[in-house]
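Trainee: Protein chains in written order, with our numbering: chain B, 1 to 311; chain S, 312 to 692.
Everything labelled a hint here was simulated from the structure, so no lab data went into it.
Do not rely on the hints blindly, as some may be mistaken.
The calculated lysine-lysine pairs, modelled on PhoX-like cross-linking and capped at a C-alpha distance of 25 Å, are [to be verified]:
#	chain 1	residue 1	chain 2	residue 2
1	B	Lys270	B	Lys220
2	B	Lys209	B	Lys132
3	B	Lys127	B	Lys108
4	S	Lys379	B	Lys131
5	B	Lys138	S	Lys328
6	B	Lys66	B	Lys150
7	B	Lys150	B	Lys124
8	B	Lys132	S	Lys379
9	B	Lys127	S	Lys328
All values reported here derive from a predicted model rather than from experimental measurement.
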Amino acid sequence: MIQMNGVVKRYKELVALDHFDLHVQAREIYGLLGPNGSGKSTAINCMLALLTIQKGDITVFGQQMKPTSYALKRDIGLVPQEVALMEELNVQENIDYFCGLYVADVRKRKQLVDEAIAFCGLEKFRKFLPKKLSGGLKRRLNIACGIAHKPRLLILDEPTVAVDPQSRNSILEGIRQLNQHGVTVLYTSHYMEEVEQLCTMITIMDKGKAILTGTKDELKASVNLGDQVRIRLVNHSRQDVDAIRQLPFISRVDVQEDTLVLDMTRGESKVAGLINFLEQRDIAIGEMSLRQPTLNDVFLEVTGKELRDSV
Amino acid sequence: MFRTVFQYNLLITLRQKSVLFWSLAFPLLLSTFFSMAFSNIYTAEIIREPIPVAYVAPAQVNPLYNLKDILGDIPLGQDGEARLLELHTAENTEQARTMVLDGQVAAAVMDGGLPQLMTNRVGPQQVVVKQVLDQVDATKQTITGLMRQNPLIPVSHIAAELNQMDYTQTASINRDRMTPDSIYYFALLAMTCLGACSAGAMIVILQQADKSAEGARGAISPASKWLRVAAAGTASWLVQVAMSFIVLAYMTLVLGKHLGDNIPYLLVILAVGTLMGFLLGMAVACMVRGSANAILGVTTSVYLFSSFLTGLMSDRVKRLVDTSLPWLSRINPGTMIVDALYSLYYYRENNYQYLISMLLACALFAAVVAVTLGRRYHDSI
Ligand SMILES: Nc1ncnc2c1ncn2[C@@H]1O[C@H](COP(=O)(O)OP(=O)(O)OP(=O)(O)O)[C@@H](O)[C@H]1O
Ligand SMILES: [Mg+2]
């Protein structure tokens, strides 16, 4: 569906895309993850032939994408990162205006607009001008304007920033449904959970390069991360801690007062082994929690950066 | 697609507060203000009596150029013995001031260098005296200019040149119902036309991918940039034209201002003038690299500079530019509209030459837009 091979994009000296590759197959929900300034939006703009590129080639629907590829553009929908609305048009008119660039038939458009309004839960705000909408509602309208014409390929650039959790869930659900109806989705986000929940394929990018690509599980597998156990011990000595450190399936031990944070090696869960070991030594467990690695950990591991300030 | 973009841009333009203000509310308010300010001046449409004016001679009398004789010689009405101004010689400025304050004279003229006018109120008589002085000064400028070019120029040439200037303007007050203050209304109309440039710039901004997020949205749609710009531009321009017509209708019908007899021609000038202003804004927006705000800033500066050169703020500037930088006033879009409108006042005839130069300017700006708007890929958005 989308093929980007060795794309290089420079803004003057700054290299925004550095031999970037992206291969999106039909009917996927593809997640593009990266910290601020890693080049996600730039990649999208190059893909849509808005930007000149210095090197590489880009095809969409198997054809080379050019600014004049109007036939291709008809089947693409974009929800840009920056809210792009006509200030003087109300919610319904905005959707109809942008949909009107794709669909000439007025009656058909009316139906499409109604569907988009329902999709984004904007029924109560039909007659509102954008400046009367709250930040989150504006973003929902931004989404509605990008999807109204029923594209076959939908590109969303951080669409749910500032949208409240309920609306976000209904939007994610909507995207999933669109996907079930055959829409291919390219999704960038800072919300790790969203991408984990939603995406079938994921690329992690940093500094303009695609670093890791795969399904969620493949990504987690490709970096050496196991489960993490936090355990509060009621009575333990230094020797006990040293003994735990010696266990073959423990890769790292971090002591925080009476709580131990244990990184376990990858593979089958060794939690039972750990509990056995503690019982043998007569160490009482006060509290124990288990955390499976998240994409954020993967991300941290490969880029050395937090994806977002707080997870 | 053209229809959708066109219709919605009609709506958008009509809802833009800045457009409504500068293209409609502002000229309506200002023309109302003019009409109030001038209301009692021209109720007496015809000056029947000579106007008493105090005259203070210059420190050094110029033997070749005697303002007093010139002023004293202007006829009142088409024929007859009567003179427009009745000159009373004053010894000095102090005495002239006393005469003005006592109401013995309507105004005082202080000769020397650039003649000064002194009045203590504004009425029809004072306006006429001011017009006379301006006219004399303009004539003097013309003659000096001709002489400088060719000191041996035959007097008949000078006379011919002066005839073209319609030296009889003051007398024209008596000729038809257009009064000197019409010039202010024409200036206001010219500014309204030229003001369409910000709407033109806005259209380019909203349809160019690298100028606005909305433009990027349009650029990834199957509607080509030409189609979007043409549809949106036509809609926005038509709204501007409609507004200039409303302003004209308000001036003539509501305020009862007489702005010449050939209203259809005036409407054509307004429509073409608006188009020129609009295309000027589009051309500026296409050429300026930078953010939307930078573009609007440059457009506003061009607008202000252009209207400044036309003398909409001070007619002395126009005269200065006309004489010392004639090429500048020839290429200044503001001057073209102003000249086209003023010619209605000064010459009372349709001078298609102005219309043609405006259309040429439109073609030029359109060509600039056509060449620069073609860019489709952007280095940065
Ligand atoms: N118009 C531009 N001119 C110059 N540099 C730019 C421009 N747009 C982006 N950049 C730079 O290119 C790099 C990539 O930017 P881009 O917007 O693609 O990042 P992003 O991954 O979308 O970030 P974010 O998560 O903040 O949206 C950044 O370093 C940014 O500073
Ligand atoms: Mg971005």
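Trainee: It remains to establish, for every hint, whether it holds in the given structure.
Mentor: For each hint, the structure was consulted:
Distance check on the hinted pair: B/Lys270 and B/Lys220 sit about 17 Å apart at the alpha-carbon level, within 25 Å; holds. Taking the CA atoms of B/Lys209 and B/Lys132, the gap is about 40 Å. The hint is violated against a cut of 25 Å. Among the hinted pairs, B/Lys127 with B/Lys108 is consistent with the structure: their alpha-carbon atoms are about 20 Å apart, no more than 25 Å. Straight-line distance between C-alpha atoms of S/Lys379 and B/Lys131 comes to about 66 Å, which puts the hinted pair past the 25 Å bound.
Under the criterion of a C-alpha separation no larger than 25 Å, the hint pairing B/Lys138 with S/Lys328 is consistent with the structure, at around 21 Å. For a cut-off of 25 Å, the pair hint linking B/Lys66 to B/Lys150 stands: about 21 Å separates their Cα positions. Proximity of B/Lys150 to B/Lys124 is assessed by CA-CA distance (about 22 Å); at most 25 Å being required, the pair is judged to hold. Distance hint between B/Lys132 and S/Lys379 is unfulfilled; the C-alpha atoms sit about 68 Å from each other, more than 25 Å.
Between B/Lys127 and S/Lys328 the alpha-carbon distance is near 18 Å, which keeps this suggested pair within the 25 Å criterion.
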